[in-house]
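Trainee: Next come the chains, spelled out residue by residue.
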Amino acid sequence: MKKTPTIITGTVGMDAHVIGTKVVSRALRDAGFKVVELGMQVTPEEFISAAQETNAAAILMTSLYGMAELDLKGFDEKRKEAGLGNVLLYIGGNLVIGRYDPKEIEPRFKKLGFDRVYPPGTDIQAVIETDLKPDLKARGKM
Amino acid sequence: MKKLTISNQRLDDDLLMKKRREALDTWPTGKEVDFDEAVAYQKSLPDSKIWWKVMVKLREEGRMSVFPRAGTPILEKMIELCQGLRDSGVVLIPVTTDSYTRLGQYEKVEGILQECYRTGKALLNGYPIINQGVKKTRKLVESVDAAFSPRGAGGEIAIASGLTTYEGGMTFLTWGSYSKKMTIRELAEKSQNGQRIAGWYADRGVILCTDLHGWLPGGPFPLSVNIAAMIIEAVTMAEQGQKALYPIVHCMGNMAQDMAWIKLAPRLIREYLDKFGYRDTMITGTCPAQTPLFPVAMDMGGAFAYLCYVAMVGALSRCNAVDLRSIDEAAGVPTKDTNAVSYRAAKWIFDVVREQRTEIDIKDMATEEKVTETEVRAIMDRVLELGDGDIIAGAIRAVESGVLDSPWSPNITVRDKVLGVRDVRGACRYLEFGNLPIPEEIKDFHRRKIAERESLEGRKADYYTAVRDLWSFSKGKIVGLLPFDQ
Chain B
1 MKKTPTIITG
11 TVGMDAHVIG
21 TKVVSRALRD
31 AGFKVVELGM
41 QVTPEEFISA
51 AQETNAAAIL
61 MTSLYGMAEL
71 DLKGFDEKRK
81 EAGLGNVLLY
91 IGGNLVIGRY
101 DPKEIEPRFK
111 KLGFDRVYPP
121 GTDIQAVIET
131 DLKPDLKARG
141 KM
Chain G
143 MKKLTISNQR
153 LDDDLLMKKR
163 REALDTWPTG
173 KEVDFDEAVA
183 YQKSLPDSKI
193 WWKVMVKLRE
203 EGRMSVFPRA
213 GTPILEKMIE
223 LCQGLRDSGV
233 VLIPVTTDSY
243 TRLGQYEKVE
253 GILQECYRTG
263 KALLNGYPII
273 NQGVKKTRKL
283 VESVDAAFSP
293 RGAGGEIAIA
303 SGLTTYEGGM
313 TFLTWGSYSK
323 KMTIRELAEK
333 SQNGQRIAGW
343 YADRGVILCT
353 DLHGWLPGGP
363 FPLSVNIAAM
373 IIEAVTMAEQ
383 GQKALYPIVH
393 CMGNMAQDMA
403 WIKLAPRLIR
413 EYLDKFGYRD
423 TMITGTCPAQ
433 TPLFPVAMDM
443 GGAFAYLCYV
453 AMVGALSRCN
463 AVDLRSIDEA
473 AGVPTKDTNA
483 VSYRAAKWIF
493 DVVREQRTEI
503 DIKDMATEEK
513 VTETEVRAIM
523 DRVLELGDGD
533 IIAGAIRAVE
543 SGVLDSPWSP
553 NITVRDKVLG
563 VRDVRGACRY
573 LEFGNLPIPE
583 EIKDFHRRKI
593 AERESLEGRK
603 ADYYTAVRDL
613 WSFSKGKIVG
623 LLPFDQ
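If you're matching them up, the sequences are chains B and G in order. Here the working numbering is used: position 38 in the first sequence is 38, and no number is missing along the way. Here the working numbering is used: position 259 in the second sequence is 401, and no number is missing along the way.
Pulled out of the complex, with its shape left as it was, chain B reads as follows (with noise of 0.2 Å):
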């Protein structure tokens, strides 16, 4: 890699499920990147303030407990303000209650502010790869 980009990892809200941050940051020290891992119940002003004292070029949130778009109301506009528009963000996990297509729950993820979204049982290797590598070269983060 030419420059060695800074990503930020946690579970937002109350979320204790730590076992995908833990996954997800292993596999991003292991493919090189600079990992700065926030572990279990991050609030998103945590998640700001971390990304801007790092000067992240991405956050990858998880949650299992299907109250992430609670947590996330507000932060769209919060990431904007602390002028972090152009910081990549990803989620994956079990993202809301009850049965679901995760097809349909994608716009809803993206509409505040997520580029990427993911079900639960993403494989992290395959996309640090396919996703993340490209869209941090493409945004001139590495």
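Source of the hints: derived by calculation from the structure; they are not laboratory data.
As a list, the in silico DSBU-like pairs of lysine-lysine whose alpha-carbon atoms are at most 35 Å apart:
#1 111(B) with 263(G)
#2 103(B) with 478(G)
#3 110(B) with 322(G)
#4 133(B) with 617(G)
#5 478(G) with 322(G)
#6 478(G) with 73(B)
#7 417(G) with 323(G)
#8 111(B) with 617(G)
#9 323(G) with 3(B)
#10 185(G) with 405(G)
#11 617(G) with 512(G)
#12 617(G) with 602(G)
Computed footprint of chain G on chain B; a stretch qualifies when at least three of its residues, placed anywhere within it, have a C-beta under 8 Å from a C-beta of chain G:
#13 8-21
#14 89-98
Heads up, incomplete: computed chain B residues facing chain G, CB under 7 Å, no partners named:
#15 40
#16 66
#17 120
Don't be surprised by glycine CBs; every beta carbon is placed ideally from N, CA and C.
On the provided structure of chain B, position chain G as indicated by the hints.
Mentor: Relative to the frame of chain B, chain G by itself:
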């Protein structure tokens, strides 16, 4: 090393009484609790509402009950939900509290609860036992003929209301699975304060039962650390006067291992309780649990099969209770109807399988039992050595040095130097031993088992093998995903 101030000793009674009132004063409903009246009310309850007696009776009669999860905010709806469970054959009923109550945010709960009553909607994900208080919760207890257990919160409001279990002790679950920053020292101190309350009631003839969870294995991982943690929980509770407890055994999906652990856990807990002189603390049964990752919400077939697998293992092991989730677990809060179909399916298995009284004698089971027993004994020897005989001091040092360790913990103070993967038959093996004091010949056993899988898959097992294995059981496979399903 810092001087240890916490040891396995009974708390002073004056200090206990002060702390009890302080805890109750955090919300107005605390005033509804009169300690002596609570003892009298507990003593007036029929046997069918007393958790430990219900468990012992089930065991004596060769029957079993689902121990489900259930909680909804409006009292009348909660009664309806619990009556629905009772109608499906459940006699061990939880009062699952909402997330805000668990965090002590009663002010916030009050506003939402009023909104629930105004709109008739369940806007909280559980029953807010503190805000509902003693009078209302007694109505729940008196409306349904079953024993009740508070989950996640409740304290003495729950006891005064006639719920007959008490969560407490050195709960590795609270610390290692739900907390981000709490240290093991903080856990030890906090838990002793809490657990003495159960002892206070026991001294007055009211026995509140406690379930032991141990250190929850976050993914496929042998249960030896978990069982060692349950032994520590049991012994520390008994010192505070607890008289009735039972192990929750986390089923990982390999039948020989699951059944071996169900046999082993109560046997070793009994042995250590006796060894420390707590012969009058009884083990009321064994409760296998549905613990690993649940199938995704859309996979209802998988959800049914999964709960039936655990019901089956419990029935074949002749347990008296099985901790099961409904088919809605991954989708959100279960309804009365999905609870009913889920637990009727479990009861069907209990009745059909258990009553056949099949003697299960699997060769692999004996091997698994021996392997885990050797591991647990080695860990416990080291814990007691580190504490110079004091089990709490030893547990603290063991966690700090990784003698007790677990993968996938959200707690940042956990060492997390260990890892598990499945072998060719789906049994959990140690891929990384960290600082666990496992004897060399047992380590070789794990290595041999993993080598078999490596030769079958044609690749070395590593961290990403463990990641793939997180999914295997949930997706209806037990020996890994690719390339086995090609």
